[in-house]
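**Student:** Following the hints, complete the assembly by docking chain B onto the known chain A.
Protein sequences appear in the order of chains A and B.
Numbered per my numbering, the first sequence finishes at 336, counting up by one with no gaps.
Numbered per my numbering, the second sequence finishes at 573, counting up by one with no gaps.
These aren't lab readings, by the way, just hints derived from the structure by calculation.
Being a predicted model, the structure only gives us computed values, none of them experimental.
Not one of these hints is a red herring.
If you only want the chain A side, here are some residues facing chain B, beta carbon under 10 Å, derived: (1) A49; (2) A52; (3) R58; (4) P60; (5) R112; (6) G166; (7) E294.
Below are the PhoX-like pairs computed for lysine-lysine, each with C-alpha atoms no more than 25 Å apart in a straight line: (8) B:K523 - B:K504; (9) B:K458 - B:K487; (10) B:K79 - B:K555; (11) A:K87 - B:K207; (12) B:K297 - A:K179; (13) A:K297 - B:K458; (14) A:K297 - B:K422; (15) B:K103 - B:K197; (16) B:K530 - B:K393; (17) B:K101 - B:K79; (18) B:K207 - B:K155; (19) B:K176 - B:K523; (20) B:K79 - B:K90; (21) B:K460 - A:K297; (22) A:K179 - B:K552; (23) B:K251 - B:K32; (24) B:K32 - B:K552; (25) B:K149 - B:K197.
For glycine and all other residues, C-beta sits at the position ideal for the given N, C-alpha and C.
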Amino acid sequence: MIRYIVRRLLWMVVLLFLVSAITFLIFYALPSADPAVLRAGRQPNTQLIAHIRHQLGLDRPWYVQYWHYIKRLVLHFDFGYSYQNLISVRRQIFERLPATISLTLGAAVLWIVVGMAVGTISAVYRGRLVDRVAMTGALVGISAPVYLLGLVGLYFFANDTGKIHVFPGSGSYTGLTVNPVKWFTSLLLPWIVLATTQAAIYARLLRANLIDTLSEDYIRTARAKGLSEPRVVIVHGVRSAITPVVTAAGLDVGILLGGAILTETVFNIPGVGHLAYESIKNSDLPMIQGTVLLGAFFIILLNLVVDVLYAFIDPRVRYA
Amino acid sequence: MKFLMAMALASTALLVAGCGGTAGKKGGTLTVLSQGDVDSLDPGYQYYQYDYEALSQPAQRTLYGWKPNLRKPSPDFAASMPKLSNGGKTITIKLKSGVRFSPPVNRVATAADVKYAMERDFLPQVANSYAPVYYGDIVGVKAFTDGKAKGISGIQAPNPTTLVIKTTKPVGVLTTANALTLPGTAPVPKEYAQKFDKGKTSTYGQHVVFTGPYMIPNDRSGKVTGWTPSKRLELVRNPNWDRKTDYRPAYLERIAFLAGNDLSLATRRILSGNGQISGDFAAPPVADFKLALEHYPSQVSFTPGDSYRSITMNTTVKPFDNVNVRKAVAAVIDRNALVATRGGSRIGPVATHYIPPFLPGFQEAGGSKSPYDYMSQPNGNLALAKRYMRKAGYASGRYNGPSLLMVGDDSAPAKNTGEAVQSQLQQLGFKLNYQQVPHEVANSKFCGVPKQKVAICPNWAWGKDFYDSQSMIDPTFNGKNIVPSNNSNLSELNDPKLNAAMDRAERIPDPAGRAKAWGAIDKAVTGLAVQVPWIWDNDVNLRSKNVKAVTNLFNGTWDVAFTSIK
Chain A
17 MIRYIVRRLL
27 WMVVLLFLVS
37 AITFLIFYAL
47 PSADPAVLRA
57 GRQPNTQLIA
67 HIRHQLGLDR
77 PWYVQYWHYI
87 KRLVLHFDFG
97 YSYQNLISVR
107 RQIFERLPAT
117 ISLTLGAAVL
127 WIVVGMAVGT
137 ISAVYRGRLV
147 DRVAMTGALV
157 GISAPVYLLG
167 LVGLYFFAND
177 TGKIHVFPGS
187 GSYTGLTVNP
197 VKWFTSLLLP
207 WIVLATTQAA
217 IYARLLRANL
227 IDTLSEDYIR
237 TARAKGLSEP
247 RVVIVHGVRS
257 AITPVVTAAG
267 LDVGILLGGA
277 ILTETVFNIP
287 GVGHLAYESI
297 KNSDLPMIQG
307 TVLLGAFFII
317 LLNLVVDVLY
327 AFIDPRVRYA
Chain B
8 MKFLMAMALA
18 STALLVAGCG
28 GTAGKKGGTL
38 TVLSQGDVDS
48 LDPGYQYYQY
58 DYEALSQPAQ
68 RTLYGWKPNL
78 RKPSPDFAAS
88 MPKLSNGGKT
98 ITIKLKSGVR
108 FSPPVNRVAT
118 AADVKYAMER
128 DFLPQVANSY
138 APVYYGDIVG
148 VKAFTDGKAK
158 GISGIQAPNP
168 TTLVIKTTKP
178 VGVLTTANAL
188 TLPGTAPVPK
198 EYAQKFDKGK
208 TSTYGQHVVF
218 TGPYMIPNDR
228 SGKVTGWTPS
238 KRLELVRNPN
248 WDRKTDYRPA
258 YLERIAFLAG
268 NDLSLATRRI
278 LSGNGQISGD
288 FAAPPVADFK
298 LALEHYPSQV
308 SFTPGDSYRS
318 ITMNTTVKPF
328 DNVNVRKAVA
338 AVIDRNALVA
348 TRGGSRIGPV
358 ATHYIPPFLP
368 GFQEAGGSKS
378 PYDYMSQPNG
388 NLALAKRYMR
398 KAGYASGRYN
408 GPSLLMVGDD
418 SAPAKNTGEA
428 VQSQLQQLGF
438 KLNYQQVPHE
448 VANSKFCGVP
458 KQKVAICPNW
468 AWGKDFYDSQ
478 SMIDPTFNGK
488 NIVPSNNSNL
498 SELNDPKLNA
508 AMDRAERIPD
518 PAGRAKAWGA
528 IDKAVTGLAV
538 QVPWIWDNDV
548 NLRSKNVKAV
558 TNLFNGTWDV
568 AFTSIK
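Chain A extracted, bound-state conformation:
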């Protein structure tokens, strides 16, 4: 197991290099704004633009820029400086990471719990009214874009713009260490919004898998041996049907840790997703690189975690 994890971690480093190189290439290949021109303001002379270009290292070939970037990153864990405000990328990302982690993990707990509960109940009561209501609800949840759901949630339930004042509104995010109670209440609505679509997907996924699993021979055997129905469903059924859910959860949490752009934007949560969006708008390559690498890191890491989890969930899986 240890050897497997080490091997995967090494692969992670290779993949991160590849991701960073591809991001660099995309930035140069696609039409993006000229960062030196953006930085120079509206009436600059050519000397000023040339100076800024030199200052930002943009007057060198892209592979030289990339080499310097990687060297700084590997030797000093330095992501460079934002073209936009000339502040350290690492500082800005790490300042925003707690908000993104808070948003993602809270929502993940919510969608996994709700999704699994609804999926299990639907599978067990397949074809009955409770199943139909749950699956119709799930369909609505899947169809509602997060952005729309967020806006609707705020227009109805925010305590500033809403009709019924229940939750704190957009821009109310408070850090956990600043005020834990405000942190919790400010994230309640974003958690619900972000978790709604995911919970609906997970409920449908688990339901389909669980229905298949519950018709397997070993489940029939378990029932024949006189095990209680909850034990059959939860210990033998859900444990086996959950594997694709764990895979999806790993990926989703990884992606969202790289930045839940829409949710962060609607609720003005100062997270990494919002930063990524702004940096793309401003052609801020160091910031784009930093946020993309962070996203890739979380996705790869969470995939590894999922693969390791398989060994515990599914008795058939063993890593040499």
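**Tutor:** Just chain B now, kept in the frame of chain A:
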């Protein structure tokens, strides 16, 4: 004239409504909701509207400033208006005593601090973009920027309260004090800032000190602690500010500028909430704008934006090298329809030329009426347009050449404007290769890069730097300003006669003479139909009910140094 009077009355009424006519209540916290953040904390770099609103106006003392209800510079750190001698080439400015820097510098600011501030505007590591344009004729600038002199000899501080600026020729924007209102004239303490100005990029912004009523909180070393980029900027009282030296009342105790807001939500939060005002957005989204007008009319304020929006045609790209084709385009454009794409007539009147109402030279340029038939009909005139096409050699009155590259914004409302332009031009047979890209890309990679040979840019906009029309006309139409990137002369107009007229107008020292000269140039440029100006923008500002907000006419936004909580 009637039009101008109506505009003046409307803006005065709104300003008075905002002011409330009486003094504000002291104390309280104001929250400013914005989309973006300030460009920099360094006064040497600041240039844009939001930089003024968040930092330059409430936290710094530039030589001259803008009182909310005046359209002319007022002495701020300066004690009086500049005294001119030597045919306008020597400008002597007396400074106030008792203006102090915020902690950790704490000492009194002097003329030497303004001299250093203006010198560092030319340092490449500060990256100021307007200094060469407005201060470039000060004696000794070239020697300084070439590294042959340690300072600019034409900026002198003979004593702590006297600043003397010597120029090689009379420079109108300096003699009228207009260009001395720019943030780069705010004093900077050399002994403190010099160490931050070394290296490839100045880091003074992260250690900036203030002379105005407010400051960003900092630690004992001066490092700014009250700013999280693209998230939050906080202003608190500057303990060293002396009310007696300033015209700002500075009622508020604390001001928080919050970035990253969704415009629609921010609009609703401000209107239905407490203690909030709008920040950097010129106007709310169209649907929210209608809601605001319907349900919260008293919380919406309109201020002339002193800017125009236009469709530019590149005179180096066929068929726009032909003046009659350009006139045909101007004639066919339904400018009322374009105004509707941004929210209708409340967003601003239809433009007929470039200098906006309230800027000197507006009347001289034709006022609200145009002497040209192709700019006289705001709904467009297809028959007239076809006549111009025939004059240009298109017998059918329709364009029959190859398709033309048009580059516009990809997000509303500018996207809607571009699409309206596309459909209007199709009436004249124009086939367009219309590329929609993000706003920043449109200007920095296409429209502002002459070698891209973009024929039409439908989303161009330009605003004043101050109340002098040179800043409206010269950067955008003088041939000397055609540069390989970030070009502001999008039409690439390079008319030797007009260039000479602009160079002459730059040197006129008296305001009346300048208004006449720049107005005449505007009229001549409009006669060449290189752009189709279609709106003089209004800025739309929003406030919560309990905020007694005051608009500053100069930059069209709220002035937080005059705003209070009811």
